[in-house]
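Engineer: Following the hints, put chain B in place on chain A, whose structure we already have.
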Amino acid sequence: MSKPALLLIGEITPRMRERIESDFEVIPLPRDETDTLADDTAKKITAAITFGGAGLTPELMDRLPNLKIVSNYGVGYDGIDMGRAVERGILVSHTPDVLNDEVANTAILLWLATARKLPAYDTYVRAGRWEKDGNPPLTRGTQNRTVGILGLGRIGLAIADRLPPFGARIVYHSRSRKDVPHEYFENLTDMARTCDVLICITPGGAETHHIVNAEVIEALGPDGILVNVARGPVVDETALIEALEHKRLGGAGLDVFENEPHVPTALRAMDNVTLQPHVGSATVETRAAMGDLTCDNLSQWLKDGTVLTPVPECADLQ
Amino acid sequence: MKTRGSASVPRERLSVVVTRRLPEQVEARLSELFDTKLRGSDEPMSRSELVEAAKGADVLVPTVTDEIDATLIAQAGDKLKLIANYGAGVDHIDVATARQRGVLVSNTPGVLTDDTADMTMALILAVTRRIPEGLAIMQRGDWQGWAPTALLGGRVGGRRLGILGMGRIGQAVARRAAAFGMQVHYHNRKQLRSETEEELGARYWESLDQMVARMDILSINCPSTPSTFHLMNARRLKLMKPDAVIVNTSRGEVIDESALVRMLRNREIAGAGLDVYEHGTDINPELRNLDNVVLLPHMGSATVEGRIEMGEKVIINIKTFEDGHRPPDQVIPSML
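Each protein sequence line maps, in turn, to chains A and B. Start counting the first sequence at 1; every next residue gets the next number (our numbering). Start counting the second sequence at 1001; every next residue gets the next number (our numbering).
If you are wondering where the hints come from, they were derived from the structure by calculation, not from laboratory data. None of the values given here were measured: they were computed from a predicted structure. Where is the CB? At the ideal position from N, CA and C, for every residue including glycine. Mixed in with the good hints, there may be bad ones.
[Unchecked claim] Heads up, simulated EDC-like pairs for lysine to aspartate or glutamate below, C-alpha to C-alpha not over 20 Å straight-line:
| # | chain 1 | residue 1 | chain 2 | residue 2 |
| --- | --- | --- | --- | --- |
| 1 | B | Lys1319 | B | Asp1058 |
| 2 | A | Lys132 | B | Asp1042 |
| 3 | A | Lys43 | A | Asp62 |
| 4 | A | Lys132 | B | Glu1286 |
| 5 | A | Lys132 | B | Asp1058 |
| 6 | A | Lys247 | B | Glu1268 |
| 7 | B | Lys1081 | B | Glu1049 |
| 8 | A | Lys132 | B | Glu1043 |
| 9 | B | Lys1241 | A | Glu285 |
| 10 | B | Lys1079 | B | Asp1058 |
[Claimed, not checked] Which chain A residues stay away from chain B? Per the calculated CB distances, all over 10 Å, these:
| # | residue |
| --- | --- |
| 11 | Pro65 |
| 12 | Met82 |
| 13 | Ile241 |
| 14 | Pro261 |
| 15 | Thr286 |
Here chain B stands alone, though its shape is the one from the complex:
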């Protein structure tokens, strides 16, 4: 940062380029603090727009829809110093290359934990209680009245919930599930400390295969990394009980989507609640016609409150960096 002469002259502000529309309050604050170029529309940037944006900025504020790969980081040139991602997941950013080129990467962990866990619980209940079928009957105006055996779902109380990926969100899901009387099981790269396990009432499975085969509900809460790609592949999905359901509020790439669709269609698995898909918005068209799924457009963390908090984290990361310190939420390759 250059300072010009006396302290009374304001120093040159960091140039910040934002790639997507952000909540109004966040955009206003960014504009106050930095030399900020906002994205007028909510359209994701094209590749060339993204390259231009990265070239012209000290700080790039991308989101999950922007592919920040090695080529783009190389094209950005020397001006770019920080990629302050708006969101927790950074699988769309080549963090290793950024580090090699001296570009810092930060994210916004934590703020979306509760919102995502709330949505996960909503999906678990909605799928086991056959919400889409009930809705369809009501919207068609076909309801004939209360009946003892109509639209019976499955009780979640006493059932086994397997959480794949026991990080912050996984643990938040465990807390909710316990309040609904579910038995919590989990698989994670590392076993939790025994105090945490005890607090959550969660049982660890070292073998994912063994856990998957015994669960009534499976919740995907692990990040997307090369080692979690298709972690739920066709072979593993087949291990699930035929009356089990799967819920994914994490990343679509963790599940082999075509294998899942096949099994849902053939009723080899009872249902699915999906907030994320293997190919972004380009979802398997067959999913749309299934009545045993709930499909959401990646709304896990999409709350007004969460998005403002995310923006506040981005601002703190940029501001701390501007002041000459490491951003509090810096992501380094060894963390991934």
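Isolated chain A (complex conformation):
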């Protein structure tokens, strides 16, 4: 019997490739080349691997009439049209939990680096300016701050776990109040007003599109720091740049952007911004764990038609 056909959107590691190729006929789909997929090839595809940045567009999904499973490499699956997937009974899995600690570390790192001006001062030393111009200005410290977490899910809680040594007061905003000892804000702008730091770790998608808008950014204020390790569109990037340029926001630590991999030129030149290329989960260990789970979900599906870690919308499909 021939192997089932799997559509591979984006790249995978050699370790994943080895596993996938033993079970599937792999059909790679390079970025922005949806049109190159021949109809008869598209028809035989039953499985797909994708990742957050690409997702699975409704147009592509429509061209895959026999698609049964999408294994998402990552926890965020906002690029997959879930309404259509559920309607068609397509099972979607993702890789929750295995990256919680890493993304939480990235969030804290972006806060510390932005507050203490790591990028700007590293550049200062490398350019020989320390010897020539003396000590650069003091920064604000990172002790006893009010840290607001936007989206207190699994990663949000891991972020909260890391905050006690910094003497932080933790507050949060999410769709619903959680059973946690931290103060809940129903209104994000009100929360931003009390915060020194706002860390975004809410899922992406239509519901949270531009949830951090000009009003929230202004409320965070000229000494405030915004950290985004969620999804780029969660923050209104134009409003963010505008606030940073006019010193109405203190700084920003950004791992994600509105139109990746496009990064507005204005952001690149700012010395109160820490930019990272979407590396929230980027350690050897965590990416291996994510890759393993992406493959494990497909292996289990081949065996009995279920997956280990379905996205919540698909929990009833199996």
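Structural biologist: Same frame as chain A, now just chain B:
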């Protein structure tokens, strides 16, 4: 202190000379309380300026950039009674000679503990997560998008952190590291009390060599003294695992900088986060071109809040001395 006649006549105020620019609030308060001569610019004083300053003052307020050696203390003459250092480290002050000549020395311990520990944690994460490389890509505008194997760093969770020097700052670093799931190990002249070890979840190594060889991350948090000079010499650095990283927010002299640079260049050690250097601002030029290092201009304690607190400590030390008591943060040679 002389008092002139009745209590209503103010007594003569102590003359205080400050060698560097301090935060505005601190300078204002010093001027209110004492006959204070502030440093107009942020330039460190030249040797001759420093001698003049020391001669004319009851109290000298120097910082880490001023070399207060035996010669200078001798040149200062009899007027100088207190060296109220602005900062915790006093390796730039000849405390023994000061004591022999009856000059008290005080410092500002404690206030920079958390700021320095925060910066240490930032450097540990920044180096293991290859922040400079990510920044460079973004600033050049070269980013091609998310990729599964691009810029992978090392996970700190579950890794061994070795803290060299388990004083206040070392312990504060241990608390942070524990929140990030790291295993804490340490080497110190003295083993901590078992309750403290337990609270920190820290394991003591009597042999620095043995500890160094087993750590994934080494954090330098010991003071600079003659016995810690080049404690991390070429031989010891070579004991480190090739995938280990070293972070120094203490004093540059503890590490043999040229040996470290050689090893970083040859990838015999994975990376370094440095806030301090062996020769002050005169850093090894080769460091600047390495992509596996994060270089900071001695910013460990350089926060607005910390510097104001440091100034408040200096003021309390001078004020207590003026009132005829020992400054609360007096440094005596046997402490070093």
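Engineer: Find the hints from earlier in the document that the structure breaks and name them by number, from lowest to highest.
Structural biologist: As far as the earlier hints go, 5, 6, 14 and 15 are violated by this structure, in ascending order.
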